[in-house]
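Participant: Could you put together the complete structure from these sequences and hints?
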Amino acid sequence: MGAVLESTAMIDSFITRATAVSAQVERAANRELALEMVLRILQNEGVDDKPHCGATWAACEMVGPADQAKLQGSVRGLSFNVTRELAADAKVGISQMDYALANTGTLVQAADEIDKRLVSTLPPLHIALVSTAAVLPDLPAFIQRVDPRKSAYLAFITGPSRTADIERVLTIGVHGPARLIIILVDDVEVAA
Amino acid sequence: MKAEFKQSILDALANPNLTGALGNFSVAYRAGRAKAYEGIDFEALRDEIATVKSSAASHFDELAEQFTRAAEARGTKVFRTSDPAAVRDYVLALAKERGVKRIVKSKSMATEEIHLNKHLQDAGMEVQETDLGEWIIQLAGQTPSHMVMPAIHMTKEEVTTVFNTKVEDGQKPDIPKLVKFARGKLRPMFLAADMGISGANIAVAETGSIVIVTNEGNARLVSTLPKIHVAIVGLEKLIEEFKDIVPILTALPRSATAQLLTSYVSIISGPVPNTDGSPKELHIVLMDNRRNEMAHDPRFKQALQCIRCASCLNVCPVFRLVGGHVFGKVYTGGIGTILTAWFNALKESDEIQSLCIQCGNCKDVCPGKIDIPDLILELRRRLAVEQGLPVIQKAIFSVVNNRRLFHTMMRAASIGQIPFAKDGFIRHLPMFLSNMTEGRSLPAIAAVPFRDRIKEIKQPKCAEKAAFYGGCLIDFAYPEMGEAVVKVLNKAGIEVIFPEGQTCCGAPARYSGAYEVAAQNGSDNIKALLAEDVKYVVSACPTCTVALKHDFAAHLEAVGRTDELPAAKELAAKTWDFSTLASMLLEQGRLKLKKGIEPTQFSYHDSCHFKRTLHADQTPRNIMKQAGHELVEMDECDMCCGMGGSYTIKMPEISAPILQRKLQNIEKTGVPLLLTDCPGCTMQIGGGLDKRGSKIKVEHTAQRLAECIE
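Line order of the protein sequences matches chains A and B. Residue 106 in my numbering sits at position 105 of the first sequence, with consecutive numbering throughout. Residue 635 in my numbering sits at position 127 of the second sequence, with consecutive numbering throughout.
There could be a bad hint or two in this list.
To be verified - Taking CB as the label site, the calculated pair distances span:
#, chain 1, residue 1, chain 2, residue 2, range
1, B, Lys-674, A, Val-170, 18 to 24 Å
2, A, Leu-171, B, Asp-879, 29 to 35 Å
3, B, Lys-604, A, Glu-7, 52 to 58 Å
4, A, Asp-139, B, Ser-590, 36 to 42 Å
5, B, Lys-604, A, Thr-9, 55 to 61 Å
Please keep in mind that the hints were generated in silico from the structure rather than gathered at the bench. This structure is a prediction, so every number in the text was calculated from the model and none was measured. Yeah, the Cβ is synthetic: ideal placement off N, Cα and C, and Gly gets one too.
Facilitator: So, in structure tokens, the structure goes:
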């Protein structure tokens, strides 16, 4: 019970912190509902196979081959075959993150595969899936679990891209995405 | 000071866009930083950072080797050199060999330091800065005016003009649209680039990793899209273990931009695949450029604890007036002054170091725990040794060290000014002295100095004795402060003597870098103050108190007069600032506060040395609250008043606007009384209020307390 309470507080803290840095946080009770949620977002955003309207999804554990086929059948313009060109032209990029840090609202990913970085950097909207079970309290907790010698590119994302370089006015979306939607997915096992 | 430098100061001060932007930022930063650090033990955090970085600086060579081994084991190429020219040549040769034409860069101060862009551009490469601020200044042909916000000196209108003239006409001064324009223009350049160049915020020896911290996401693109990534890393970025990144990543975003974490942090530990499956070519250049030499300098080694957050710029009362194009070269502000002296040359720091008012704000917020003001003084000292002191300054020291002569001259000048003196103030001085009364009246010089007035005070016979150290201002301008001290201590059963042999506290010499003179001042004062057996040595001037408690020993040690150190320590041990002593006497019941004092609203101005060296800032507030007075805090109560000892004479143009801001903050409180523990601040603020025709009274805590005790 104690652990459950602790993790509830951590998840609440994550949601508060991520929201405070302009991320939109949603929560899905399971994987299937999370995928439905993504689908709805893609439809609402007008994802299509016309130029500049695509969505590109980096391979991830939460989506198996059957899911891919089903999702592609439902949304035209969605591709699981990430290329620089597709990602640069896409409206939405989707990826799964490995961890979330509660005290800063941060997502972390072992992003050695370039696809993961392309979809989370180039399109104006990034949808990030992360397992609720992967929420860690903070950076020290993360450091204990990860060895940078095993992952050559550890990517931390905290909210959308931002700048205050002109007159210190906070402006969202300079080189990276202007919007970040995080979907916390319950009931998903996390790889050790 | 060269006329050119003086003019650059005047130009900056006359630029309302600059002073407005920096002034507003300093207010927002103060609040934002405090919020970002909520729930964090800052002192413990910076101790940790200082330990990690200092330990790394103790063995850069080993760490660089360890880093190289770890990184090369996974396919990174590491190039290590002490020579900036070799860095430039390495990058250019690599670019040529790989047929590179287009380069995108994310923010890197190390590349600014060695002017890498120019070198590559001269060889025909297209080099594109991609950090928005860096891009703007690149287009404008300027250097960064701030280490974190390179274009903070420009308004949106100025940025619009730069975009319209250098990129594409038709832009409007609308910030979100300007940002969108930049995104649109830079995106194709990222996609087309053959090489990405970045800096790094941390380099981990244990794992061969570099850590890059950004908000815009440009470093992610620079390290992802081109097939070659070159990171230029100063040796001081090295740390030993991977876990050591935690304190740095905790402090850096909070101190730099008041964020809990930046939007992006990338930890790169080796080449990763490109889109075509080929491995990225990753080069890391470890650049020395005198960092190792700095690590072997016992005084300056601590400057390598810097994590480049620029908080020393953000809290500096001078930086917010003149900005980084005056206060700095490539690196700006307090730490920039120190880095300029090392990475460029000592003499290049000569003018910029003179801007430091020694208020100590930066020292309090530095997450690397660097005593920046002290290192700037050390630069000043080394410059004085290298270049010698100006003749006029030497002449001044010979006068101020002779107290009788100094008073006679001051008094003569004062009498000469009788036509200008009214109500105890001098409001105008002729000719070259006129700067001194610009925006501030000066106190008239007392006809009889305190050293003579104290002889007329009838003191009771007491069991305990205190030696009073007057300092120039109480002795010559504010003897009434000295009389208040005597009155209070007498009531506690302490007789006050004034040792005649006391002389200048050495601060003028210290702050000019003349340590031999300062050490001699210390030596003379130690002899005078220890001549008679007293229980306490009391001063009512924080600068003097700091001299007695800390600086005498430091100066004697610095010039090798170590045989005098025991006496210096003996004096330091019995030295008290007035308020701390009075507070103790109140606690002991030896002083009693009057009952039924009519409550007065007051505000309190923190003198720099009193708060940041003596840490006694709450003591006078508490005494006055106990006495029944009501404290109304002003904005920026602990911001320097612009006096800074002789700073106000050397840099009157800067001192005056610092004072004006202080006066506005005081007036906003609406109180009739301002208290402070410093006669220098009293002179500056009291004179400023008088010049504005304000009725707010300025008193030393001792004066008010003398009225409040039974």
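Participant: Now tell me if each hint is right for this structure.
Facilitator: Each hint, compared with the structure:
For the pair Lys-674(B) and Val-170(A), the beta carbons lie near 21 Å from each other, so the given range of 18 to 24 Å is met. Here the CB-CB span from Leu-171(A) to Asp-879(B) is close to 33 Å, well matched to the stated 29 to 35 Å. One distance hint, 52 to 58 Å for the beta-carbon pair Lys-604(B) and Glu-7(A), holds here, with the actual separation near 57 Å. The hinted window of 36 to 42 Å between Asp-139(A) and Ser-590(B) holds, with their beta carbons roughly 38 Å apart.
Checking the proposed 55 to 61 Å range against Lys-604(B) and Thr-9(A) shows it holds: the Cβ atoms sit about 58 Å from each other.
Checked against the numbered hints given earlier, this structure breaks none of them.
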